[in-house]
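Chemist: Sequence:
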Amino acid sequence: GKAVLPPPPADEAAAPAAYEGDASATAPAPAPAAAIDEKAAAEAASGSISWDGAKVVRFLGPEMTRALRKQLQGGESPLSLSITRQVKNAEAHFDSNAAKYAATCAPVPSSMLIADTLHCVDRTPLQPVPPPEEPEAPPEVGKGKGPEILPVEDDEEVHPYAAAATYAKVTFATTQPLEPKPLPPPPPLPKVGELIPKRVLPQFAPKTAVEEFDAQVANIVDSMVGEWSTLFPGLEVSGDAGDEAAKDTRRRALLYALNTSGKYWMFKERLKRSVVRLVKDTMSRPTSEPLDSRASELFYNELYVQLTQRLHNALNNIFFPPTETPTAPSLPDQPEGAPMHAVLGALAIEMEMVSAFEQARVYHKERITSSKHMAVVWYDYALFLMRTNDATLAEECSREAIALAPTTPEYLLAHGAILTCRGNFEQAEVFLKSSLEATPNSTNAWLAVALLYDLMGRTRDQRTATRQARQLHGEDLTGAYLALAKALLPINAVVLVERALQMEDQLRQGVTGAVLLCRGEMQLSAGQDLAGAVTTLEDGVELVRKSAHGYVLLGQARLRLGMATEAKDAFERALELSPQPYPLPALLLLGRLCLDAGDFARARDLFLCACRQSPSCTSWLGAGQACHGLGDSEQAEEALAEANVLNNRHPIVWGQLALLCLQSERSDEASQSLHQAYKLGLADAQLLSQLGEALFNAGQLQDAEAALLRSLQAAETAVARQLLANTYRQQQRLEEAVNAFRAAIAAPDASDDLSAQCKDQAAHILRVLLNRSEEADAM
Numbered sequence: 001g002k003a004v005l006p007p008p009p010a011d012e013a014a015a016p017a018a019y020e021g022d023a024s025a026t027a028p029a030p031a032p033a034a035a036i037d038e039k040a041a042a043e044a045a046s047g048s049i050s051w052d053g054a055k056v057v058r059f060l061g062p063e064m065t066r067a068l069r070k071q072l073q074g075g076e077s078p079l080s081l082s083i084t085r086q087v088k089n090a091e092a093h094f095d096s097n098a099a100k101y102a103a104t105c106a107p108v109p110s111s112m113l114i115a116d117t118l119h120c121v122d123r124t125p126l127q128p129v130p131p132p133e134e135p136e137a138p139p140e141v142g143k144g145k146g147p148e149i150l151p152v153e154d155d156e157e158v159h160p161y162a163a164a165a166t167y168a169k170v171t172f173a174t175t176q177p178l179e180p181k182p183l184p185p186p187p188p189l190p191k192v193g194e195l196i197p198k199r200v201l202p203q204f205a206p207k208t209a210v211e212e213f214d215a216q217v218a219n220i221v222d223s224m225v226g227e228w229s230t231l232f233p234g235l236e237v238s239g240d241a242g243d244e245a246a247k248d249t250r251r252r253a254l255l256y257a258l259n260t261s262g263k264y265w266m267f268k269e270r271l272k273r274s275v276v277r278l279v280k281d282t283m284s285r286p287t288s289e290p291l292d293s294r295a296s297e298l299f300y301n302e303l304y305v306q307l308t309q310r311l312h313n314a315l316n317n318i319f320f321p322p323t324e325t326p327t328a329p330s331l332p333d334q335p336e337g338a339p340m341h342a343v344l345g346a347l348a349i350e351m352e353m354v355s356a357f358e359q360a361r362v363y364h365k366e367r368i369t370s371s372k373h374m375a376v377v378w379y380d381y382a383l384f385l386m387r388t389n390d391a392t393l394a395e396e397c398s399r400e401a402i403a404l405a406p407t408t409p410e411y412l413l414a415h416g417a418i419l420t421c422r423g424n425f426e427q428a429e430v431f432l433k434s435s436l437e438a439t440p441n442s443t444n445a446w447l448a449v450a451l452l453y454d455l456m457g458r459t460r461d462q463r464t465a466t467r468q469a470r471q472l473h474g475e476d477l478t479g480a481y482l483a484l485a486k487a488l489l490p491i492n493a494v495v496l497v498e499r500a501l502q503m504e505d506q507l508r509q510g511v512t513g514a515v516l517l518c519r520g521e522m523q524l525s526a527g528q529d530l531a532g533a534v535t536t537l538e539d540g541v542e543l544v545r546k547s548a549h550g551y552v553l554l555g556q557a558r559l560r561l562g563m564a565t566e567a568k569d570a571f572e573r574a575l576e577l578s579p580q581p582y583p584l585p586a587l588l589l590l591g592r593l594c595l596d597a598g599d600f601a602r603a604r605d606l607f608l609c610a611c612r613q614s615p616s617c618t619s620w621l622g623a624g625q626a627c628h629g630l631g632d633s634e635q636a637e638e639a640l641a642e643a644n645v646l647n648n649r650h651p652i653v654w655g656q657l658a659l660l661c662l663q664s665e666r667s668d669e670a671s672q673s674l675h676q677a678y679k680l681g682l683a684d685a686q687l688l689s690q691l692g693e694a695l696f697n698a699g700q701l702q703d704a705e706a707a708l709l710r711s712l713q714a715a716e717t718a719v720a721r722q723l724l725a726n727t728y729r730q731q732q733r734l735e736e737a738v739n740a741f742r743a744a745i746a747a748p749d750a751s752d753d754l755s756a757q758c759k760d761q762a763a764h765i766l767r768v769l770l771n772r773s774e775e776a777d778a779m
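Be aware that the sequence shown starts at 1, since it is given in the UniProt record's numbering, and climbs by one per residue.
Don't read these hints as lab results, they were simulated from the structure.
Since we're looking at a predicted model, the values are computed, not measured.
Every residue, glycine too, gets a C-beta built ideally from N, C-alpha and C.
It cannot be assumed that every hint is accurate.
Dumping the calculated DSBU-like pairs for lysine-lysine here, alpha-carbon to alpha-carbon at most 30 angstroms [unchecked claim]:
1. K365 to K679
2. K191 to K207
3. K263 to K207
4. K181 to K169
5. K280 to K372
6. K181 to K70
7. K55 to K88
Using C-beta positions, here's what the derived DEER-type ranges look like [unchecked claim]:
8. T260 to E358: 34 to 42 angstroms
9. A45 to V158: 52 to 60 angstroms
10. I149 to V121: 36 to 44 angstroms
11. L455 to G193: 37 to 45 angstroms
12. N97 to V121: 43 to 51 angstroms
13. H675 to R66: 56 to 64 angstroms
14. K70 to A342: 53 to 61 angstroms
15. L561 to H119: 22 to 30 angstroms
16. H764 to K191: 44 to 52 angstroms
17. G193 to P406: 47 to 55 angstroms
18. E358 to H675: 18 to 26 angstroms
19. H675 to R277: 29 to 37 angstroms
Based on the provided sequences and hints, a complete structural model is requested.
Modeler: Below, the structure written as structure tokens:
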């Protein structure tokens, strides 16, 4: 080390330049007072020993870095310094006091744990080393004069290091911080209403006089039907009306009820305004002169005829409405300006993303029904069919796409790939070569033809096609086969994709992470070996640790295998690795997993993030369910209403709206929403069970029974059985209630508490209400 002396006092004229010995003394110029702190000032005013050139450099891998971080967090020292004193010339002098000045220190640079810190200085007091029991003996003297033995210093009560408060000043520096600077927190998610686009309601044209008259007649007919049903509740409308006398009796009873209740007068007043307007529009006269008796009689005759004809037309439109075949059987409301096929295509993609394949198939079929002369709808449906392993129908659809657009290379390549997967190599060659003629500079087209020739065993033709691909891509085809495999993944052409990946493995002379991820995606799309897909994708993400897409695929594969917890971990990892915008499947599927686990706050954040990136019915539905779970009914209703705007044919959206209206005591709206949900085939067992409970609490026992029976038809659960039993009990259907309680007890998912409650309730019915004590005791 080098001894550094303090600066000389101001009144001394001069100071020695240096001490004699091994260390040169320097007197550094004092730094400005504003630039040094108290410790630095104290160090500058005191003597010290510096090791300016001493530096230790070490490389720390990930494991060692984690171990260092753990040591510092626990207050442990990651290293130990040993300080000893030695004479400069060991042959001339022997230091008898070396053991006295030996010391150690264990610095703990805890400041390195501060976020984004690359440099810190640690000051650690020196700890004297206890002297050895036997002091070190001087070296034996041979011929000649031996080393001079320095005198032994007297032992002091306080060690010199302790008396001088000596410490070691150690500087630590790293190229990367141990604790990286945390990313700035994402902006707070807006409220549901802030994400919903503002819509201007269309300005409806005012009704004409005829339309207003027809509407009033329809309202009066509805009211009269209600009165009729109240008077004759047991009469079947579609059954035999009976004889003429019975019909006349019922007619008189209806007229009497209308007159005595004042309804007839109300109907007349409701119709008066529209009749006056209709007369003004259709029976106007050029002058305002009064009519004579003859003209007045003709006027009233004509008025009566026109009103009677108008009334008959209105009644015919009510009871015999004209039938119009819709373009699409059940097309949802589409955004203004969006073409029909685009809306249905987006809905199909959305349903496929969340693994609702049957619903996606329905949208594809309706898309073809509404736009059967567009080649792209046939092409998209063919790809979907290949992804759902229906190659036979996919071949027909791709052939239809080519018939509509015979020169499109994508359609030709897809049809050729489908034929290859079906083993029809000769016809596949025709379409793949046609695709090649359309795009002669495409490496993928040449390699696809080469793979086909390889499968056919035509080695010479394969070499020719491969040579052409090399001329376009370069002599090294590494990566070209992988690019072809990725291009064929949407077609799910398993035969060609697997062969392309095998060729890629041969060129790379080993398996790589990118190849494993591509193979895992192929296995996931095929859907026949999900366990193998999980294994392949796990191996792939081990090699490509920062692949967000790989973790999304792994999460999807695990989810389809029923591994919900593992799938959730994979989706969380995908979001950590992915920059914004986040992968939409990860947001939607992870949000659904959080909903199922009861983590409504996390689910709401995920679904709102999806709504901000790409609003869809699924994302708004999830946001509404999460807000409902958090007890925020207002935002839940806003989100569900927006989901209904984007897709008014989603049964779960209608069911959630019905549940929300029931809990808000809005029975009319709940009834309408529930009717739509049933009409669209609501089959969510949990939602139906919740609807049954809400209807039971609202006193609508028959509707509750219907909802619970639908729930049990979708999935047998003990909770639904218990609710159904309570519904039967309230309707005094005691035998059915007892049987339902027994079924709830026998359900596989019945908990001990639920079984005990069902036993008590069933035993009470048997003992008290049915007087069957033996059965009650047995239960």
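Chemist: Need the list of violated hint numbers for this structure, in ascending order.
Modeler: 2, 5, 8, 9, 11, 12 and 15
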